[in-house]
Amino acid sequence: MTSVSIRNLSLNFGAVSVLKALNLDVEDGEFLVLLGPSGCGKSTLLNCIAGLLDVSDGQIFIKDRNVTWEEPKDRGIGMVFQSYALYPQMTVERNLSFGLRVARTPKEEIERRVARAAEILQIEPLLTRKPAELSGGQRQRVAIGRALVRDVDVFLFDEPLSNLDAKLRGELRVEIKRLHQRLENTMIYVTHDQIEAMTLADRIAVMKGGVIQQLDTPKAIYNRPVNRFVAGFIGSPGMNFIDGRLEEVDGNPWFVAGDLRAPVSTYPFDGKGFRAGPAVLGMRPEHVGLNSGDGWPFAATVDVDVVEPMGSDTLVWTRLGGQDFSIRTPSERAPEEGDTVSIGFDPLRASIFDVENGERF
Amino acid sequence: MRYGVLTAALAATVAFQVPQLARAADVEVIHWWTSGGEQAAVSVFADEFDKLGGDKWVDTAIAGGPNARATTMQRVLGGDAPAAAQFNPGRQYEELIEGGYLLDLTELAQKEGWKDFIRPESILTNACEKDGKIWCVPVNIHSWQWGWASIPVFEKSGVPVPTNLDQFLEEAPKIKEAGFIPFAIGGETWQHAGAFNNAVIVSTIGKDGYYKLFRDKDAEYARSPEVTKVFETWRKLTSYVDEGSANRNWNDTTNLVITDKAALQIMGDWARGEFAIAGEKPGVDYECIAGPSDKPYLTTDGDIFVFPKQDDPEVEKAQLKLASMMINPRVQALFNLAKGSLPVRADVDLELADACMKKGLALLDDPETVITATNRFLTEDTSGQINDLVAEFSFNSSMSVADAQERFATIIENAD
Amino acid sequence: MAQRPRRMPNIQSIIGCIPMIAVSVGVFVICIIYSITLSFTNSKLFPKFDFVGLMQYERLWDTPRWIISVQNIWLYGVLVIGFNLIFGYLLAAFMDQRIKQEDTLRTIFLYPFALSLIVTGLVWQWMLDPNLGIEASMKNWGFGWFEFAPLSNPATAIYGVIIAGVWQGAGVTMAILLAGLRGVDAEIWKAARVDGIPTWRTYLFIVLPMIKGALATAFVLQCVSVVRIYDLIVAMTQGGPGIATQMPAVFVIEHITNRQNAGIGMAAATMMLLPIIVLLGVRGFFQWRSARNAKRLERAAVATGGLS
Amino acid sequence: MTAATSEWQASAVEPRVDAGPRGPKPRRVSIARIGIYAFLVMSAIYFTIPLWVMVVTSLKTMPEIRQGHLFAWPSELTFEPWVKAWAEACTGRDCNGLKPGFWNSVKITVPSVIISIVIAAINGYALSFWRFKGSEVFFGLLLFGAFVPYQVVIYPLIIAFREMGIFATLPGIIIIHTIFGMPILTLLFRNFFGALPMELFKAARVDGAGFWQIFVMIMLPMSVPIAIVAVIIQVTGIWNDFLFGVVFAGRENMPMTVQLNNIVITTTGIREYNVHMAATILTAAVPLAIYFISGKWFVRGIAAGAVKG
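Protein chains in written order, with our numbering: chain A, 39 to 399; chain B, 535 to 950; chain C, 18 to 325; chain D, 7 to 315.
Bound-form chain A, shown alone (with noise of 0.2 Å):
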C-alpha cells in the first residue's frame, strides 16, 4: 500500500519552474529521503505534500485520497522544521498541544496524548518550560513531539537536524530512527546531509533542478549512481574523475585517458550500456587500492602532494592527469608527502560516465 504518491507534480513562481512533472510513490512505513543540493527542490517538494504550497499542476495522494487542495489540517501530516518552529511565548506542554487545541480536542485526550509523546520523547520534566529555556536538542525533541501528538499518517522533516552541532545531530539521528522503528510511520525527511540520508533511509531520492536525478536504497545509490551528479554528491571527499574515452579494442572496452590505458571488462555496463566515445571514470577514495594494486587492470604510479590524517583514516592527495585525485587508506598504510605511490583499482566498484549528458553506462 502506498502512504504517498504523487503524480505529474510541478510547481512554477513566476517563470521559474521548480518541480519538474515530478512522480513518487512512498511506501507505507517506509523512510525516504530527499536528499540534494539547496535551490533543488527538495524542500518545496515536502512543503507541496504539507500543502503548505500550492502546486502548479499535477496531484497528490496520502492514503490513496487526493488531497492536492486539501488544508494541511486536513491531510494526515504533521511536519517539524529546521527552526523548530515552536512557538515562543507557550510552555512546551502548550506547543505540544495547540494543534489540538485547535481543532477543540477534549481535554482528557489533549492530555493523554501529550503524555505519551512526553514520555516517547523523555522531555516530561520541560513540560511547563518555554522554549527559550530549551538546549537545541531539547527544542528539536519537542518540535517532533508537536508532530507526535497529532497521531498522523505522515511525518515530515524538513532539515530537521541542520541547526544542531555535529555531536547532537549524531545523537538525534540515532533517536529518529529509533522513533521510526517504534512507530512504523511514514516518514519523509529533507536533508543535504548525505551522511543522515544514508543512515537513515530506506530510500533516498536525490533530486536536483526540480528533477528526481535517482530514487533507490542508501547503498544502491552509493555503488550505482545513474548520473555523474549523483556519484559526485554522494560521499566525502567526492569521487575522482577522470575524463577520457571508453574504446573498443578486440570486443574489449576500454578506458583511455592520455596515457593511461585500461581495460574495463569487468565493468557491469549496467547503466544505459557500452557505447564508444568521450567518457568520466570515477572511482571513489576509498576503492583505490594504494601500493598493492599492481594486478588490477588499472594502474598508475604519482607523487604525494598533501597527506590529511583524519583519525582511523588517512587521506591522500595526488594528481592524476591533470586533476586532483584523492585516496582514502588506513592510517597504518598511509604514505608520507613526498612519496612516490603506485595505485590500481577495481573497475566492479568504479562508475563510467557519458561525458554528454553525465548518464552512467
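Hints are computed from structural coordinates only; laboratory data are not their basis.
Small disclaimer: the values here were computed from a predicted structure and weren't measured.
Do not rely on the hints blindly, as some may be mistaken.
A few chain C residues that face chain B, going by a derived Cβ cut-off under 7 Å, partial list only [said to hold, decoys possible]:
id, residue
1, LYS61
2, GLN88
3, ALA166
4, LEU168
5, SER169
6, PRO171
7, GLY257
8, GLY259
9, ILE260
10, THR274
11, ARG276
12, GLN277
13, ASN278
14, VAL295
15, SER307
16, ALA308
Quick partial rundown of chain D residues pointing at chain A, CB under 10 Å, derived from the structure [as the list claims (entries may be wrong)]:
id, residue
17, PRO155
18, PHE207
19, VAL212
In this text, a Cβ means the ideal position worked out from N, Cα and C, and glycines have one as well.
Got chain A; can you put chains B, C and D on it based on the hints?
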C-alpha cells in the same frame, strides 16, 4: 464674570448632553474678537443673547481675521458650518451666497424694516444684499483711516503731534533720537495691507485715486507717479519700525502706544477699545488723527455676520433670533460703545461717545468724506495678493519702489 | 486540473486587509488624482469642474509668494538636512568614543524630537525675540553690541527657522547614525588600527561609506519632514516678516481655505508632490535595475547549472 | 573547579619582570579627548537651553520677564502661570485653559493609537504570510503614501468626510490619524513579521490554525516589542499633531496643540509669556514623559519607524 462664562459653558455642555430635556439650541459663533476691547464687545452680544433665554451662545474665538475666516470656510467646506460667522463686508462670503450655504434673512429684514433704519443704507445693500435678498447682518461701522498717537512720546521728543503723514515723517528722526519707536506696526500681513490700502493710499491720492485703483482697477493709473508717492511714503514709514515688529499682533502693537513706548500706530478705530480698556483718555494720553491727513476720508468698513444654513430647525430659529438681536438698538449701543465702532443705525443713543468717536461720526455724516472699503471691490484672493506684496515690501528693503509698484499694478490688472 | 479551487484563508486575508486597500486606493490614489484634477480647474472654495488648462500653474509660477516659498523650502531643506547630517554624524562619532555620560547625552540630544513642532516653534520664537530673548539677555550682561534676532529681519528670518529645525532634527540623525556605527563590524576598527589609520580618517573614509543604509534612512526621514513643514512656520513666524518665511505647505492650506482658491492651491499641492514622485521614481528605477541584474545573474546561473 | 585549579597554578608561577610599561594603560588626557568633550558639552547646552528657558520663564512674574534676564532663575518663584495655563487661560470668552484640550487629546490619541496599531498589525501579518494577488501593489501604494505631503490630500479628504458626515467629529479625526499612521506602522509590522521564521507560520498551519487563529494566538503575543515601538511612535505623533487637529477635529475635540496655539496668539492687553511657556511645557509633557520613560525603546522606534532606504 469668569464664573458666569464657566456656568454658561457648563450649561451648554449639559444642554448638549441631554437635548430632550431642554429644547434649547446652541448657536456657535465664529469671530476674531480676541483682544481686550473686542472681548468686552462680544460679551455684550453673548450675554444679551443668553439673557433672551433658551438658546446658548457658543463662543469660537480665533485670533486673527484670516485665521477665523479660514476656519469658517474649512468648516463650511466640510459640512460642519457654524451657526454664525463674522466677516468683513465685501466679497469674502460671495461664494457662500452663490452656493446657497447661507440662511436667507430677507423675511426678517422686511419684517423689522432694516432698510428704514440702517445707515448709511449702502452698508446693507452693498454688503448684504444680493439678487434682492438679504444674507447678512451688519453690526458696526469701522474705518481704517486713523493714526493713534501717544501724546507723552511726542512731548518728550519735543515735537508736536502731527496732523498728516508728511509732518510725521519730518518729526520721526527726532522721535527716534529720543529713544522711542516712531512708527509701530505688527507682523501680520493684514496690518500692513490695511494701513497701506486705506490710510496711506487715501491720504496720499485721495478719494478719486482710491476709487480708480480699487473700484475701476485702473492699472495704468496704478503705474502713475502719484501712486509712486504712495509707495515712497510707505517705504519711509516702515523704515521707522522697531525690531520686534515681526510676529507681533495688532493689539500688542497698540499696547506700545498705550505704554508710551511708540509714537504712532496706524490702525482702524477698533484700537480705541484698547485705549478705553487701559483707562487712557483721548486728548490727554493719546490722540486720534483721522486720515492721518488734513483732508481725511473714512471707509465704511466694519463687521457683518452670516448665518450658514443648519439642519436643525431649532438652531435656525435661534439664528434668526440672534440676527434680530444684533441689530436691536439697545444692543447696538452697548456693543459699539464697547467696541469703539459706530452703530449701523442712526437712532442709537450715543451720549457716551468720546471725542474720537464724535470726530468719526462727524466725518461719516458727510457723504463726501465717506468711501467704500476695498473688501467690496476685491476678492479675498486679490486682496490676499496685495497683502503679500505690501508685507513683503515693508520688510524687504531690497525691493525697490518701482518693482513694488509694478507688481501692485499687475495685481490690479489681473483682479476680477 | 483546469479549475483551481480557491482556498478559504486568502479570503480572510483580503477581508483583514480591507482597511489597507481602502486607504491605499481611496486616499493615496483617488484623492491624489482628485487633487491633481482640481489643479486644472477654476475651483474657488468648492470644487468646480470647469477646466482652465494650465492657467493655475501659470499663475502659480507668477506669484512671488509661491516663488519665495519654493526658494525657502530649498534653502531650508538643503541647510537643515545638511546641518543635521553633519552635526548628527559628528555627535554620533564623538558619542562613539566611549563617553561615560553617553546615556545622559543621548537623552539630551534626542528629546527635542519628542516635542511638537508647535512647541519647538513657540520656544524658539520666544528665545529669538529681540526685546526679551537671547539678545536682550546678552545686552543685560553687558554685551551691548550683541545682536541676535534673525526672525526680525526678512533676510535672516529663514535662518532663525533653520536653527529651530536643526535643534529638533539633529538628535534623531545622531541616534540613527549612532545605531549605524554600532552595527559596523568591530573587526574593521581593529584592522584600521593595525594598519595605523587615524581615527578621524577611519570615520570619514572607511566607516561613513559602510553606514550608507543609516545615512539613507536619516536622509529620507529628514526629506519627508522638510516637505511637510507647516506647524513650525505657523507657530514661529506665521510666514513673516512679510512673506519671508512662507513655505509651500502653508501656501496650499491658506489657498484652499482663507483665500478661497482651491484651483491654485491644488496646483501648488501638485507641485509639492512632484519632487516626491521624482525621488521615488529614481529609487524605483535603481531598484528595478538591480532586480533585473540579479535576475540576469540568476538566469545565467540556472543556464550554466543546467549544463553541468 | 578545574578553572579554579588552573588559576591557582598560574598564580603560583613567578611572573617574569621585564623592563617597559606594564599594568593598565595610563589614562592620558589628550587634546583630542578634551575637544570631544567640549563639543559634546556645547551641543548639550544648545539642546537644553530652550527647555531651561521654558521652565524658568514659566516660573517668573511678568515684571521680572520684562527685565530681560532670559536665562536667570526666577528671583521670585510663582506657580500662578501654571495654574492659569492649565485652567484659566482664555481663547475668546472661553477661559478654561488647556485642560479641555488635554482631555480632547486623550480622547483622540487613545482610540487612534489602538485602532491604527491593530489595523497595521493585521496588514503587516497578511503581507508577510498571506499574500494575495495585488497585496504587494496595495502595500506599494501605501508606502508611497508615507511620502505624500499631507496638503495634497487634505482638500479631497475634507470633501469626502463631508459626504460621509464625519467631518469635525471624533470618529473623523480618529480615522484621519489611522489613515496617516497606516503606512509607517504597516511597514513596521511587515518588517517585524517578515523577520520571523516562516516555519513558525507553517507549523501553525500544519497544526490546523487559520488566518485569525494564527494572528491572535501566535503572532499577536509575539509582537509585544514592536507594538510598544508602535505605541511610542503613534502617541507622540498624534499628540504632537497640529494640522489634522485644526482641520478635522472640530470645535468639540480640539486637541491640545491647537488650543496651545490659540492661547498663544490670543492676547488681551499684555502678552503673558510666563503663561505661554507654562502652557507650552504642559503640552509637551505627555510626549516628553513617554520619551523619558521609554528611553531606548524610543530610539529603536525612530530607527524602526524611519522609512527604510
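Checking against the hints above, which ones are violated?
Hints 2, 14, 15, 16 and 17 contradicted; others consistent.
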